[in-house]
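J.: Those protein sequences? They're chains A and B, same order as listed.
Residue numbers 1 to 150, in my numbering, belong to the letters of the first sequence in order.
Residue numbers 1001 to 1147, in my numbering, belong to the letters of the second sequence in order.
Don't read these hints as lab results, they were simulated from the structure.
Among the clues, some could well be false.
[As the list claims (entries may be wrong)] Selected chain A positions facing chain B (in silico; Cβ < 10 Å): (1) 2; (2) 22; (3) 31; (4) 35; (5) 134.
Think of the CB as a built atom: it goes at the ideal place given N, C-alpha and C, for glycine as much as any other residue.
Given next are the chains, with one letter for each unit.
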Amino acid sequence: MSTPIDPRGPRFGAAITATLLALDVYLGLDASTLGAAHVLLGVITVGFLWGALRGPANHPYGYLFKTLVRPRLAAPKELEDSAAPQFAQLVGLLVAGTGFVLGIFGFSAGIPLAAAAAFIAAFLNAAFDYCLGCQIYLGLKRARVIRWKV
Amino acid sequence: MPAEFRLNLVFGLIALAAGLGLFWRNRTGRAKAIDRGEIVDLNRLQATKAGLPVTAFGKRVTFLQFSSETCSTCKQTARLLEELEQTAEDVLHVEVDITNRLDLAKKFHVIQTPTTLVLDHTGRVTSRIGGAPKQSTIDQQLGSFAI
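Given these sequences and hints, build the entire structure.
T.: Structure, rendered in structure tokens:
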């Protein structure tokens, strides 16, 4: 499923996600705040799940962007297809979700590690317009990790 | 873990991500010259342009762009090269979605999209551009084919 969207929307969302993930790494590095880090990573994971299933335009951050940010910006030069950011959300879901599940099974180092890995991707997306769908989708497909169509 | 040490780790992570981003931005969209590149087989490529099969190369240069379905920068690249084709004579832009042409992805060793092959008038690969081409890269490529 793909719809044309303002390309700055997903980057705005990635900036929020990156901030939350950085906070999560900080919390996850100390035993006293590990529980909070686990809960926050769960919340972030649900956010990724939402984006992966319903697309960035129907995500709460997409709604925030539409109502608060976009009215203050000039019109975008061009629209982009939602397939690329939706794929990135799916990758985020897998990484953050893995950390969350590892935490449940007592491997608590998995929480800050997964948060750090997801942070790098979200930060690159927000700050450098790095597109995971451009960089790794084809590679995964060639390695037969992906068999489905977006 | 002491709060200060944790903060330093988080700042280190941010610095690492920023470094990766700068490294990536510096490398992406640059042309790499290919010595004795192969000649692209149009029959095997099965490319279409405006609904019609592509049967000839550009008289001066062809930009063969490989795209995929989850690629946002592919469209920007396509627009850039289409505009170039309109203004520069003897330049051809061909775009192939290789999401379902993994045979081509394998043959041309494509892992990221867009990947653009620069072909001379015989269809021989002379350069390869990984990522969205910078304007300077395109100008430089065009210059190398000046008649």
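J.: Does each hint hold? Answer for all of them.
T.: Verification of the supplied hints:
1. 2: Constraint on residue 2 of chain A satisfied, holds at 8 Å.
2. 22: holds (6 Å)
3. 31: Holds: closest Cβ of chain B sits about 8 Å from residue 31 of chain A, inside 10 Å.
4. 35: Violated: closest Cβ of chain B sits about 15 Å from residue 35 of chain A, beyond 10 Å.
5. 134: Where the cut-off is 10 Å and the nearest Cβ of chain B is about 4 Å from residue 134 of chain A, the hint holds.
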